[in-house]
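Enquirer: Respectively, the protein sequence lines represent chains A and B. For the first sequence, the residue numbers in the numbering used here are 1 to 114. For the second sequence, the residue numbers in the numbering used here are 1 to 113.
Hints are computed from structural coordinates only; laboratory data are not their basis. The beta carbon of each residue, even a glycine, is placed where N, CA and C say it ideally should be. Each hint should be verified, as a subset may be incorrect.
Claimed, not checked - Now the stretches of chain A that chain B is said to cover, found in silico as 3 or more residues with beta-carbon under 8 Å:
id : region
1  : 18 to 29
2  : 76 to 87
3  : 101 to 111
As the list claims (entries may be wrong) - FRET-style restraints, in silico, Cβ to Cβ:
id : chain 1 : residue 1 : chain 2 : residue 2 : range
4  : A       : Glu-69    : B       : Pro-70    : 20 to 30 Å
5  : B       : Arg-63    : A       : Lys-106   : 24 to 34 Å
6  : B       : Ala-14    : A       : Ser-79    : 44 to 54 Å
7  : A       : Asn-59    : B       : Arg-109   : 22 to 32 Å
8  : A       : Lys-56    : B       : Gly-52    : 17 to 27 Å
9  : A       : Ser-14    : B       : Glu-54    : 29 to 39 Å
Said to hold, decoys possible - When the alpha-carbon atoms are kept at most 30 Å apart in a straight line, the in silico DSBU-like pairs for lysine-lysine are as follows:
id : chain 1 : residue 1 : chain 2 : residue 2
10 : A       : Lys-77    : A       : Lys-49
11 : A       : Lys-52    : B       : Lys-9
12 : A       : Lys-77    : A       : Lys-109
13 : B       : Lys-9     : B       : Lys-57
14 : A       : Lys-49    : A       : Lys-106
15 : A       : Lys-68    : B       : Lys-57
16 : A       : Lys-60    : B       : Lys-57
17 : B       : Lys-57    : A       : Lys-109
18 : B       : Lys-57    : A       : Lys-49
19 : B       : Lys-9     : A       : Lys-49
20 : A       : Lys-60    : A       : Lys-49
21 : A       : Lys-56    : A       : Lys-68
22 : A       : Lys-109   : B       : Lys-9
23 : A       : Lys-106   : B       : Lys-9
24 : A       : Lys-52    : B       : Lys-57
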Amino acid sequence: GNSVTQMEGPVTLSEEAFLTINCTYTATGYPSLFWYVQYPGEGLQLLLKATKADDKGSNKGFEATYRKETTSFHLEKGSVQVSDSAVYFCALLDSGAGSYQLTFGKGTKLSVIP
Amino acid sequence: DSGVTQTPKHLITATGQRVTLRCSPRSGDLSVYWYQQSLDQGLQFLIQYYNGEERAKGNILERFSAQQFPDLHSELNLSSLELGDSALYFCASSVEGAGETQYFGPGTRLLVL
Chain A
1 GNSVTQMEGP
11 VTLSEEAFLT
21 INCTYTATGY
31 PSLFWYVQYP
41 GEGLQLLLKA
51 TKADDKGSNK
61 GFEATYRKET
71 TSFHLEKGSV
81 QVSDSAVYFC
91 ALLDSGAGSY
101 QLTFGKGTKL
111 SVIP
Chain B
1 DSGVTQTPKH
11 LITATGQRVT
21 LRCSPRSGDL
31 SVYWYQQSLD
41 QGLQFLIQYY
51 NGEERAKGNI
61 LERFSAQQFP
71 DLHSELNLSS
81 LELGDSALYF
91 CASSVEGAGE
101 TQYFGPGTRL
111 LVL
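Sequences are here, hints too, so could you generate the full structure?
Expert: Shown next as structure tokens:
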């Protein structure tokens, strides 16, 4: 079956530090890949996505590249801000399997300190 | 703001009771999904509807049921509630329900005492 593995958190960084959150996946088909973010007390917001191999998704300074050879979709940001403190979820959607549900990783909590 | 609305925001109830969670999808979206977020299980897909018809089922308990109405809003019914049903329940919507991006509502936090 499909699965997503994210690096365990929590991750604590100082403001302006470089961020990497690792995400690897297992899928039977050719999935689309997503990063969602959940700010404290809020719902899930789409951060970025990539639909095929070598695509790069980007938004608000965050980037992730779909690497089919390593089955990875690592999230990066060059300089984090306090406002980036949130829980980040990597997810896949394997529509080739005939089902359109998202499969999520367990989430990585990021805390950015001034 | 994703355009997906969920009510109520919070719900506190007792074991054995029944509750109904409501979701209104984004304007123009035909498909609705329900997910459960709990500390031990993480985010899990429950069920998907497309234009009033059930399309896919995930890890949804028999005590739970859902439906999508002609105006496309959806309701998730949880009955014979147990302590372990305490969780955040999210609704998401998408245009066709065929692999495109899903947009999430703010969630309903259910606490079963």
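Enquirer: Take a quick look at whether Lys-60 (chain A) and Lys-57 (chain B) sit within 30 Å of each other, Cα to Cα.
Expert: Violated. Lys-60 (chain A) to Lys-57 (chain B) sits at ~34 Å, over the 30 Å cutoff.
Enquirer: Can the restraint linking Lys-60 (chain A) and Lys-49 (chain A) be considered satisfied, given a maximum Cα separation of 30 Å?
Expert: 13 Å, holds
Enquirer: Counting residues of the region 101 to 111 of chain A that have a beta-carbon nearer than 8 Å to any beta-carbon of chain B, does the count reach 3?
Expert: holds (count 7)
Enquirer: When you check the alpha-carbon spacing of Lys-49 (chain A) and Lys-106 (chain A), does it fall within 30 Å?
Expert: Holds, at roughly 18 Å.
Enquirer: Lys-56 (chain A) and Lys-68 (chain A): Cα distance at most 30 Å?
Expert: Within the cut-off at roughly 12 Å; holds.
Enquirer: Quickly compare the C-alpha distance for Lys-57 (chain B) and Lys-109 (chain A) to 30 Å and report which way the hint goes.
Expert: Given pair Lys-57 (chain B), Lys-109 (chain A) holds - Cα atoms ~29 Å apart, limit 30 Å.
Enquirer: Closer than 8 Å, Cβ to Cβ, for at least three residues: run that test on the region 76 to 87 of chain A against chain B and report holds or violated.
Expert: Coverage by chain B is violated for the region 76 to 87 of chain A (0 residues, Cβ < 8 Å).
Enquirer: 24 to 34 Å was suggested as the range; check whether the CB atoms of Arg-63 (chain B) and Lys-106 (chain A) agree with it.
Expert: 25 Å, holds
Enquirer: Measuring from beta carbon to beta carbon, are Ala-14 (chain B) and Ser-79 (chain A) in 44 to 54 Å?
Expert: 48 Å, holds
Enquirer: Would you check the hint for Lys-52 (chain A) and Lys-9 (chain B), treating anything up to 30 Å between C-alpha atoms as holding?
Expert: 36 Å, violated
Enquirer: Does the alpha-carbon distance linking Lys-57 (chain B) and Lys-49 (chain A) stay inside the 30 Å limit?
Expert: 24 Å, holds
Enquirer: Is it true that the C-beta distance of Glu-69 (chain A) to Pro-70 (chain B) lies inside 20 to 30 Å, as the hint says?
Expert: About 47 Å separates the Cβ atoms of Glu-69 (chain A) and Pro-70 (chain B), which means 20 to 30 Å is violated.
The structure does not agree with the numbered hints 1, 2, 4, 8, 9, 11, 16 stated previously, though it agrees with the rest.
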